[in-house]
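Novice: Chains as they are written, first to last, in this note's numbering: chain A, 2 to 290; chain B, -3 to 151; chain C, 17 to 763.
Calculated directly from the structure, the hints in this document are not laboratory data.
Hints are not guaranteed to be accurate.
[Said to hold, decoys possible] Calculated lysine-lysine pairs in the DSS-like style (CA-CA distance at most 30 Å, straight line):
# : chain 1 : residue 1 : chain 2 : residue 2
1 : C       : K575      : C       : K250
2 : C       : K125      : C       : K46
3 : C       : K46       : B       : K4
4 : B       : K(-2)     : C       : K250
5 : B       : K(-2)     : A       : K190
6 : C       : K250      : A       : K42
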Amino acid sequence: MREFEFARPGSLAEAVALLEEHGAGAHLLAGGTDLVIGLRKGWLAPSVVVDCKRVPEMAAGIREDGGSLVIGASTVMTDVVEDPRIREHFPALVEAAEVVGSVQIRNRATLAGNICNCSPAADTAPPLLVYGAVVHVAGRDGARQVPIDDFILGPNRTALAPAELVTAIEIPLPERRIGSAYLRHTRRKGTDLASITLCCSVDEQGVTRIAFGSIGPRPFLVSDETGVLADPDAPDEAKAPIFEEMFAQASPSPRSMRSGPEYRLAMLRVLGKRALQTAIERLARGQST
Amino acid sequence: MKIPIHIKVNGEWRDLDIEAHHTLLDVLRDDLELTGTKECCDEGECGTCTVVADGRAICSCLALAAEFDGAEVITVEGLAVDGRLSPLQQAFLDNAAPQCGFCIPGQLMSAHALLLHNPRPTLDEVHEALGGNLCRCAGYLQITEAVLQAAEASS
Amino acid sequence: MTSGGIGSSPHRGGGYGRVTGHQKYFADLKLPEALHAKLVTIDAARARILSIDTSAAEQVPGVRFVTTAADLPQPIPRFGPQVPDRPVLADGEVKFHGEPVAAVAAETKDAAEEAARLVAVEYEVLEGVYTVADALDPAKPLVQDPSLRPEDDPLRGTNIRKEYRFGFGDVDAVTADVVIEHTYAFPMVTHFAIEPHGFAAAPDGDGITIWSTIQHPYWLQRTIAGMFDLPLSKVRVIAPDLGGGFGGKQHPKFEPLVAYMALRAGRPVRLLLTLDETFQAVRRAATEVLVRTGVNRDGTLVFEDFVCNFLAGAYVDIADRVVTKSSYWAGGPYRASAVRVLTRTLLSNTVPSTAFRGFGVPQLSWARESNLDEAAAAIGIDRLELRLRNLPEHLEEFMPGDTPADGTWRETVDKAAELIGWDAPLPPGRGRGIAIGLKSGPTTGLSYSMVRLLADGSALVFAGTSDMGQGARTVFAQIAAQELGIPFERIQVVSGDTAVVPYDQQTSASRSTVIMGNAVLAACRDVLAKVRAMAARVYDVDESEVVTEDGMVRLPDRKFTVVEVAQAGLGRLGGEVIGIGESRKDATPGHPLSGTAAFFEFNATACEVSVDPETGQITIHRYVTVSDVGKALNPNQVHGQDDGAAVMGLGHTLMEHYIFDDAGRIRNLGAIDYRIPTAKDLPEELISASVENADGPGPYGAKGISEGSLLVTSPAVGSAVRDATGLVIRDLPLTPERVWRAMKEQQ
C-alpha cells in the first residue's frame, strides 16, 4: 500500500475541514471493507485517510426520533441485524444486512459505507429504497437530507458534493401495515456477491414497491399502485405484464463475471415473484418477519 | 506517517509506533512478531487473518492498525491460558480439525468470538459464524464438530 | 498394542503448534538480513517485451537492485521437471498472463512494492493461443520456439507438445450393439492453497540454501544443483510444513530466480506470492475429451475409445506426465475387449499447468463416467448395474501386462450404493447418481528413512515426506510406535531439510504412506534386528531364539520390551540404536509410464440431489464417497482427507473456473470472483467410508489415499442432476446459470 496521512477528527467540523482542505486527496474511512481493498490494489491513492468513527455526529448507534429510526453512520451491519426495532419494522433490511459478506465483514462494514460506496450490487440499497430511507448529509454549507433514491446516482457515484459526508441514515417507520422481503441470487450458497439483489414490500392499501439491484448502473425503485401485484388471488398472467414493465429498465452488464445478462433478467423475474409472495404472506400474518 | 497507538494484545497493553498505511495484520505479524495470524487473500474474503477485536471477529487485513488505538485484540496466541489449551483448542485437536493447519488460527478466532456471544450454537449458527473462513483442505466437518464439542464441554 | 499405534487416531503430529499459532510456515520464518523481492508483471497474456526501464524503481529508498533477463547468464537459464523450457524470467516475450519480466530486491516490503509499480515495461501485445481449438489450429502462432524442442520431433512446428497412443485390443475390430459418442469439457481451475507460495535463497559459504514451500525438496535440490553447477552436498533445501499443496507446490517456480538474486546480493532474498499471483503460477490442465463407448444390450462393455486434449500452459512443467499417467488408465476400472486412447499435451499462452490432486484423472473420469451413463440410458440398464457387470474381480488383469485389480472393488461399490440407498424410492424432484474411478499410485519409488531409538526410549524418525495436511508425519510416528512399542507421544518425526533427512523421491501420487511408510517400517525393523543382537549378547541366548513382535522382545523363557533390551544393550555409556530403511520400486523397462501401478486408489461416489427448476441451483442432499484403502493407519485422518477431497471436488464441479477476456488475461484473480466451497456449501449430509482388506503393498496392508475422493465427484453429481431433471450437461462447472441454460434448451 502506498503511504498516506491518517487523521482521526473528533468533531464534525474537523472532519469537514479536512475534506475541504484535501479535496479529492481525502478519503473517508468507516469500516474499511471497501476502502482498504481500494488502497491495497492502488485504485485509490489518497494523501489522507480520515477515520470518522470518533465524530460524535456520526457515532454508531440506532435511535428513535420522531417516527423514524436513525442509524448513525458508523453503525456496523451486525448492529443493524441485531437491533430489535430494525428486526420488527424493517425485516428486509435485516435480511440484506445479514448477507453482506461474512461475520467478519459485517462486524466492520457500516450501513452508511455500503450506500456511499454505492456499488450497483450494494445489498442494503434495495431495502433502503423500498423503505424510503433518507440520507443525512453534512458539509461546509450545513446539513441537508436527501431521499435515498436521489442519493444514489450511479456506480460508485452518490449525490455527495465535495467536502460533504453522511452522518446518518433515517428510515421512517411505516405508516401503513406492510409486509416486506429481501432476496438475492448468488453463485454459491456460501458468502458471495449478488448477481441479483431485490426487495419487495406490499402494504395494506395494495401498493407494491420493488427495488432491484446488480442489474444496471444503479438499483431501481418501482411501484405498482393498481393493487394487482399485492392481490394474493390475482393470477400470474395478470401480474406478469406489471412485472415486465417494472423490469424493463434493467440493463445488466454483458461483461459481468458473476452471471450473463439473460440469466440475470430471468432470475430477476424469479426472485421478484418469490419476494412478492413472501411479502404478501408477511403482510397477511400481521407480523413483520 | 507514524501513528502512536495504545493497544491491548492478548491481555497486555502495548504502546506502538505504527505506520498509517499498515494494516492490523501487518502490525501483528511484523511489528509484534505474532505470526500465528496468517495472511492469504488480503481482501477480506478468506478469513485466514481473523482476530477478535473488542469482542468481535474481524479480518485484520482490512483494518488499518491506526484505527485500533484503545482497542483490545485477541489473536490465536492468546487463547491458551497459562500454557494450557482452551477447550476450543483441545476440541480442535481431539477432532483432527487441523490438516495443513494454515486456516486454523482464523477458524479458532471466529469460533472463539461465536462462543463468547453464543455459548450453545446450533450447527447452522456455527456454519454462519465460520462461513467466512475458507479451508481448502476442506476439513469443515471436523472443524464444525470441534466447535460444537467445545460448546458442549464449556456448558 | 501401544497407544497411538496403527488403526488408532492419535492427535495429528504438529497439531499442537497448529492450534496455538506456533507452527512456523514459510512466511513465519525469520531470515535475518533478508531482502524482500517483488515480481514485476504486465497486463498482457502474450507480448513482445520492447524495453524495461528500471531507473525510477531504483530510486526508491531501500531498493537494492532490479533483476531483468539481461542481468542473468546468457543464454537465459531454463528449468523444468520434464523439460528445461522455462526461463528464469520472461525471455524477450511474456508467454502467459503473470509471467514476470523483472524482480525487485529491497530492504522492506513497502519499498519492494513501490519499486515494482515503478518499473516501466514497454511491450507489444501479440496474438496468443488460449483454447484447445487455438492450440490445434495450424494458423495460430507457436507458443514455444521450435528450438526448444528436439530436432526429430515431428510436431515441432505445432502447439502439440506431445501426442501419445495407449490401449489394448483393437477398437475397430470389435462390434458393439450401441455406440455413444460425445465430447466433455473440464475447465481450468487453480489450487488455491490457503498458504501462498514462498521462496527464499541465501548464499551459504560456497554453497546455497533454499527455503521453499516445496513438496519435492530433493527434486528441487537437484534442479538448483544443476542450474548453479554445484554438488548436491552444497545445496541445502529447507522445506517447512506447507499450508496446503495439492500438487501446486511440487515443482520449482521462482526458486531459481531468488537464488540468482541472493547470489547477486550476497544476502538472503525472500519472495512471498500474493494469492492473486498464485493463480498466475499454478493450475490444473483443462481438457476436452471425446469419448466413444461401445456397449452391448446385455450390459457388456465392449470398447472405450478416447481422444483427449489436455490444455497445458506456456511451459511443460509436469503437464506431460499428467497427460500420460492419466490417459494410460483412461479406461478406468472396467473390463473391456478394447481400449484406445489418443491423447495430447497442448501448449497455450496460459499459466503453466502442473500437478493437481487427481493428476488428470478427474478430467478423464468426468468424460468417461458421464458417457457411460449415456450408454446406460441408451440400452436401458441401471447405471449401477452397468458398472458392476464390467467391474474387474480382485486380481483380474484388466489392463494387459499391468497391475491387476488390487482389491475386491465390488465391496466398495456395494457400500456406496448401500449408503446412498440406491434402491430406495426417491423423493419427488430428486435424482441419484453414482460413478467409479481409479487412479494409479506411483509407478516407481524410492524413499529412505532413518530411525534413531534414543537412550531414554524415545525416538526420532527421519522421513523426507512433506507434511501439507495429509498427516504423513503422524502416520510414520504411528508405525514407529507400533513396531518399537513406544508411546506415540515420545516420537518426533523430522523432515524438511535435505542436509539432515535422507533422500525421498517426492511427496505426490498418494505414495507416502506406502513408499515412505515401508521405508520407515524397514528402518524400524533394522532397529529391531540390532535389538535382537543385543538381546542375544545381554541375555546370553542364541540370536535365532530371539523374536521381536509388537514392541516386545521374546526369548525362550522371558520377554522384555524393546526399550528395556535397548537400554540394557546400550549400557552405561548410553547412545542410541540407529536403523536405516529403504523402500524402492524400480522402473519397468519399456513401460509407457516407466512402471506399473504400485497400487490403485479405487473410489465409488454417489449422491442425491435436487435442482431448483427456476434458478438451476443444485442442492446436494446426500453425498457418499467410499474408497478402497487397504488399511486405515489413522482413521480420523483418512476421513479428513476423504471428506476434504470430496468438497474440493465439489468446487470444480459446481463453482470453480478461471474466467478470461478475449486477450487471454485472467479476469477473476483472487478470492472475490474465484469461488471455492465454504462451510455453508457442504452437502446436507456428507459421508465418507473406507473398505479395509489389508490388501495393499504398504505397511500393514495399506494403500495410498487422499486423491480417491475427488476422482469422480463431477460425474456422480452430473449423473444425479440428469436423473433428477433429464438434463445432460457435458461442461463444467455446473453453475446455476449453466444448469438453467440447459433447462431452457430442453424446453
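Novice: Please flag the earlier hints that this structure goes against, numbers listed from lowest up.
Specialist: Hint check: 1, 4, 5, 6 fail, others pass.
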